[in-house]
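Peer 1: Since the structure of chain A is already known, use the hints to place chain B on it.
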Amino acid sequence: MNAQHLQPTGSAYFIAKETERPENHTLSVLVDNEPGVLARVIGLFSGRGYNIESLTVSETEHEKHLSRITIVTRGTPHVLEQIKHQLERIVPVHRVVDLTVRSHEFGQERPLERELALVKVAGTGEARVEALRLADAFRASVIDANTEHFIFEITGKGSKLDQFIAIMKPLGLVEICRTGVAAMNRGPQGM
Amino acid sequence: MSNGQSERREMPRTEMTGAEMVVQALKDNGVKHVFGYPGGAVLPIYDEIFQQDEVEHILVRHEQGAGHAAEGYARSTGKAGVMLVTSGPGATNAVTPLQDALMDSIPLVCLTGQVPTSLIGSDAFQECDTVGITRPCTKHNWLVKDVNELAATIHEAFHVATTGRPGPVVVDIPKDVQFARGFYVSPQIAPRTSYQPKVQGDLDKIKAAVELMASAKKPIIYSGGGVINSGAEASHLLRELVDLTGFPITSTLMGLGAYPASGKNWMGMLGMHGTYEANMAMHDCDVMICIGARFDDRITGRLTAFSPNSKKIHIDIDPSSINKNVHTEVPIIGDVGRVLEDMVRLWRATAKADKKVLYPWWEQIAKWRARDSLAYKMNNDVIMPQYAIQRLYELTKGMDTYITTEVGQHQMWAAQHYHFEKPNRWMTSGGLGTMGYGLPAALGVQIAHPDALVIDIAGDASVQMTMQEMSAAVQHDAPIKIFILNNQYMGMVRQWQQLLHGNRLSHSYTEAMPDFVKLAEAYGGHGIRCEKPDELDDAIKEMIAVKKPVLFDCRVATLANCFPMIPSGKAHNEMLLPDEATDEAVANAIDAKGRELV
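The listed protein sequences derive, respectively, from chains A and B. Using the working numbering, the letters of the first sequence map in sequence onto residues 1 to 191. Using the working numbering, the letters of the second sequence map in sequence onto residues 1 to 598.
If you are wondering where the hints come from, they were derived from the structure by calculation, not from laboratory data. Keep in mind the model is a prediction, meaning the values are calculated, not measured. Backbone N, C-alpha and C define an ideal beta-carbon position, used for all residues, glycine too. Keep in mind that a hint or two might mislead.
When the alpha-carbon atoms are kept at most 25 Å apart in a straight line, the in silico DSS-like pairs for lysine-lysine are as follows [unchecked claim]:
(1) Lys84/A x Lys198/B
(2) Lys157/A x Lys120/A
(3) Lys217/B x Lys356/B
(4) Lys367/B x Lys311/B
(5) Lys205/B x Lys84/A
(6) Lys311/B x Lys207/B
(7) Lys311/B x Lys205/B
(8) Lys145/B x Lys64/A
(9) Lys64/A x Lys198/B
(10) Lys570/B x Lys311/B
(11) Lys397/B x Lys548/B
(12) Lys518/B x Lys532/B
Beyond 10 Å from chain B on every Cβ pair, some chain A residues (computed) [stated by the list, open to error]:
(13) Thr56
(14) Val93
(15) Glu153
Taking beta-carbon pairs under 10 Å as the criterion, some of the chain A residues facing chain B (in silico) [what the hints assert, rightly or not]:
(16) Thr76
(17) His78
(18) Ala182
Okay, chain A solo, but in the shape it has when bound (with noise of 0.2 Å):
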């Protein structure tokens, strides 16, 4: 999903070293929901050479027909401000949100980062002790089982989500399934 290369733009003309460091931002894209507009957004981080670190799309006013789409992306702040002008250009799209830039200016380092998992473990015996033991202490809940399995259903920055897969893995992990980011700003502020 995510291209390689990081050219801030189409142009041939940049040889010049980008001296900027890419950072990694979190926006939120309140689009009209209607068909293809998924493909519009994607096909604009691949057509322009831009990356999708994380994608998460879900309708979230259904009256008024238009959803959220929110996207972790990769760049030099040249480059993010030219994907969220680019975003801005597509014509669903109602407004582009960078919450990580929005997050500094109300002196946080990042927005509000949620995401979640099921994570399916096997096993007998001390093994599966183990891992309901370490579920609870990463407050993962028991959503199904029976004595040879558990599915754990488990939220949270990624970075914890991360740190209890790699738990579970000696102890008889069978497959995973997270979602992507679901991001908002603290505070009373909409976006």
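Peer 2: This is chain B only, laid out in the frame that chain A set:
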């Protein structure tokens, strides 16, 4: 920017078929001409077109031709161009003009037929994923699955194509929707909430720009196609601004004509094949005012060396153009016409125009101009291509003339040696560089301006890409003049092979050139061949006099190069000038790094 909705008649909700709605919507959006090609999936619409005569259909010979004709129509009138094609191959053939219109910001409405909704996704005959294929090459596109949404969608398509930064749109209409009955709605005034381009510039920014301009000692105005897209008033205001400030002005390929070439502040086109004075002034200026242009790579040359000591003001309707390639100190987002209106007003009110401050700058420019960078060696035996354009200009300049071009050396020579006094007179494929653009574009221009002199300045290679539209021109009594600078080569390819690849001319020579005179006659047009400089004037006069489509086979020097030139990867002040361009200089003009560039 007109949106073509001249008649907003309030109509009651009328029941009709989808095909009737298409034609009604075209009428309600002020459309007089549609360029198209019929096929299975658009037959109901063609049947409706047959039964009325308000909207005239121009039958082309290939869908690409329909697209470029509609582009020429749009560019020369300021209205949206409309094309109508069938599903599958009809739609895929439209892709090139769609991308062309996207890159040059041309309002183009493309209606495509689609297989019936029940067959979509079944790999039906002449099915393709039109909205999928055209998504990246349109400003927006729609697949209409409900006949009751058809009219509103077409109205919105016209609105999106013509407002903000103009561009191409596609409305894909399945055949069953064309047959289905539903309610027609007349054009809605309220646009959708998500699409409201900002047209009025931020006044504080405009004030800052005027202050910066007033302090400039070495200013330059660099204008582009956005001025022309913004409408006649924008060109008028641009001229006023130049007069008020006394600043020198240059323009991109797309912007030619916005400021008259006879104007005293005119420096000629800038960029890769621009004039020495324009490029040197861009490099050395202290304040640059970019108006409706986008710092394209053909303009900037090597970015790290681009106008290193200037503060830049950038007026553009598209926020993504700002800071995309070049950092701007004063960005102004808005429609060029509106912003210029404020700018001219503020300049009159606040700026003390002391044009004396600019004298040293104008003296410097005069020195650069004296370098005469467009000069070439005249030849009495062979027609030099530059000479051919100069004579064409001299013999047509007093007339109501529109010029289109193909892509290549002839295009650059035309931009250098044909001089434009008015906007909308110059139709060329700038961004995409589409060979084969000019002939069908000329057809579109001629349809819009039946009594004008429409000339496609062509190359022998480009013109063969869409030659079939000669047949369309004959059918529709469009007396377009195709002025072919025939040098037997793909001239620009050959020039680059000389510059980059040791003059190994790999497949850039056309060995089996058709006889263009016989070809013209075969199509029912008129053919002229000219091989000698002293016969050229008479031949051009003959071309102008003939009231038929003309193929003019102008045999020119085969190996002439297009200079001046900023070689790839070089800066504005590292131009290759014609008198310095020896074979050795040409062979070594581009270093290894520049070789990778296009």
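Peer 1: Which constraints among the numbered hints does this structure fail? Numbers only, ascending.
Peer 2: 14, 16 and 18
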